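Chemist: As you go down the protein sequences, you meet chains A and B in turn. Under numbering that gives the first Met the number 0, the first residue of the first sequence carries the number 0, and numbering increases by one thereafter. Under numbering that gives the first Met the number 0, the first residue of the second sequence carries the number 0, and numbering increases by one thereafter.
Everything labelled a hint here was simulated from the structure, so no lab data went into it. Small disclaimer: the values here were computed from a predicted structure and weren't measured. Note that beta-carbon positions come from the ideal geometry of N, C-alpha and C, so glycine has one too. Careful: at least some of the hints might be erroneous.
Residues from chain A that keep clear of chain B, each with C-beta distances beyond 10 Å, as calculated [claimed, not checked]: (1) T38; (2) A59; (3) K68; (4) I77; (5) G82; (6) D85.
The calculated BS3-like cross-link candidates involving lysine-lysine, where the alpha carbons are at most 30 Å apart (straight line), are [what the hints assert, rightly or not]: (7) A/K75 to B/K17; (8) B/K131 to A/K56; (9) B/K76 to A/K56; (10) B/K17 to B/K93; (11) A/K68 to B/K93; (12) A/K29 to A/K56; (13) B/K17 to A/K64; (14) A/K68 to B/K76; (15) A/K61 to A/K6; (16) B/K93 to A/K41; (17) B/K17 to B/K98; (18) B/K93 to B/K66; (19) A/K61 to B/K131; (20) A/K41 to B/K124; (21) A/K68 to B/K17; (22) B/K9 to A/K41; (23) A/K56 to A/K75.
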Amino acid sequence: MDTETYKLDEELDSFNNKQVQEEILAILDKGCNAVLDMTDCKYISSTGLRVLLYSKKMAASKGLKFYLKGVSDEVKDIMDVTGFNDFFDYA
Amino acid sequence: MSELHFQPIKGRAREILKAILQTPEISSCSLKDGLVLRMACEEIVMNVTSYAYPEDVEGYIDIEIEKSDHRIVIRFKDGGVPFNPLERPEPDIKLHWSKRRIGGLGIFLVIKKMDAIHYTYVDQKNVLTIEKNL
Chain A
0 MDTETYKLDE ELDSFNNKQV QEEILAILDK GCNAVLDMTD CKYISSTGLR VLLYSKKMAA
60 SKGLKFYLKG VSDEVKDIMD VTGFNDFFDY A
Chain B
0 MSELHFQPIK GRAREILKAI LQTPEISSCS LKDGLVLRMA CEEIVMNVTS YAYPEDVEGY
60 IDIEIEKSDH RIVIRFKDGG VPFNPLERPE PDIKLHWSKR RIGGLGIFLV IKKMDAIHYT
120 YVDQKNVLTI EKNL
């Protein structure tokens, strides 16, 4: 099964979450596993967490995988607080 | 101390947040503290600009920011519908991902990452104050 990567800019927040969500769904809609490359991302808000969980659920519903890559300590900290760290496979 | 006032606020969340982050009190914080404060301010500003006022009301938001050597205090005031965000039930963060609902984490994150948070309703204003040790 093919895997495609979408690379984030410096943030995943209320102002780019819709666009990022669309990019991930477009990969899943092609029947590919999706990797969200967060190497450059230092900032995530609750709307960003929403994108991560929704992507995971959408991938699972299609029998696909959603991976995270390069999660920074700053993002990891926010994911820890909300119990998100165990949710994801890491590419 | 910095004081900011915006009216109207509909569709201006990005601009309001940028102005808050550019105040000397916040822009002089460490990168780590700055990111946490940005998250807290984004959650609160998004809530107020999106939900505080009925559709046909030209709402406002006032923001006051005070900083001492070891602590920053940010106070948000709006004239919208009385709403205490601290009364929202906390999400169960132990649930398996398949059982977690999408969303509902904004104020929870603010509560967890700040050192103090208070809500009062006075003079027909919602007043939400967040404090963080630096």
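Chemist: Of all the hints numbered above, which does this structure not satisfy? Sort the numbers upward.
Modeler: Failing hints, ascending: 2, 4, 5, 6, 8, 9, 10, 13, 14, 17, 18, 19, 20.
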